[in-house]
Amino acid sequence: TSAGLAPFRSGDGFGGTASFTVTGGTGTITGLTISADGFGGGGSPAGGSGELGALAGNGFGSNASLTISGGTLQATTLTIDASGNGGDGTDDASGGTATDGGSGTGGTARLVSTAGGNGKLTSNSVSVLAKGAGEVGGTSTGVSGNGGHGAGGTAAAQLADGSFSLGPVTISADGTGGDGAAGGIGS
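1 is the number of the first residue of the sequence shown in this note's numbering; add one for each residue after it.
Possibly wrong hints are sitting among the right ones.
[Stated by the list, open to error] FRET-style restraints, in silico, Cβ to Cβ:
id, residue 1, residue 2, range
1, Ala93, Thr33, 19 to 27 Å
2, Ser19, Ser172, 18 to 26 Å
3, Ala93, Gln158, 47 to 55 Å
None of these hints come from the bench; they were simulated from the model.
Ideal placement from N, C-alpha and C gives every residue a C-beta, glycine not left out.
Sequences are here, hints too, so could you generate the full structure?
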């Protein structure tokens with residue numbers, strides 16, 4: 001802090017619960033996205049001339065799922081996403097201290113067909129994502145901020161019964177650290 005002042009803090013972002021359940025009937029959707037992402041706040045104006053830059057918020061993904069037990073679902077593209085993304089660190093234009101990037105933590109993303117079910121899923125492209133992405137630290141000619149940490153969550157496809165006609169499938173729970181004076185850790 002500068003002269004006993006405390007910086008503002010950008011808010012943390014928490015995903016909620018997003019679910020889509022198919023038990024019967026027929027549905028055709030061009031693009032279906034089921035998202036419970038969390039985004040930390042950031043990107044405040046640069047600090048300088050004695051001003052302190054705001055601290056970046058952290059982002060936490062939560063729970064996103066698609067469950068099929070019957071019926072037919074055709075989705076040209078299907079994305080189930082419970083990723084967490086930190087906010088950007090704040091730059092310092094006066095050569096003081098910039099702030100660190102926020103951390104991102106992935107939640108849980110699932111594609112499920114239940115045992116004993118007879119559902120049918122057709123999609124040209126499927127993504128099941130629970131990524132955690134730390135964001136970039138702020139820059140300064142004095143002390144630049146560090147990158148935020150990124151921790152992947154749980155991404156899974158549990159296909160017990162039913163029928164499937166799928167194009168490329170991506171299941172990812174990557175953790176990626178942000179760039180900065182010291183890069184964030186990805187796990």
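Now for the hints, and whether the structure bears them out:
no. : hint                       : verdict
1   : Ala93 - Thr33: 19 to 27 Å  : 38 Å, violated
2   : Ser19 - Ser172: 18 to 26 Å : 20 Å, holds
3   : Ala93 - Gln158: 47 to 55 Å : 50 Å, holds
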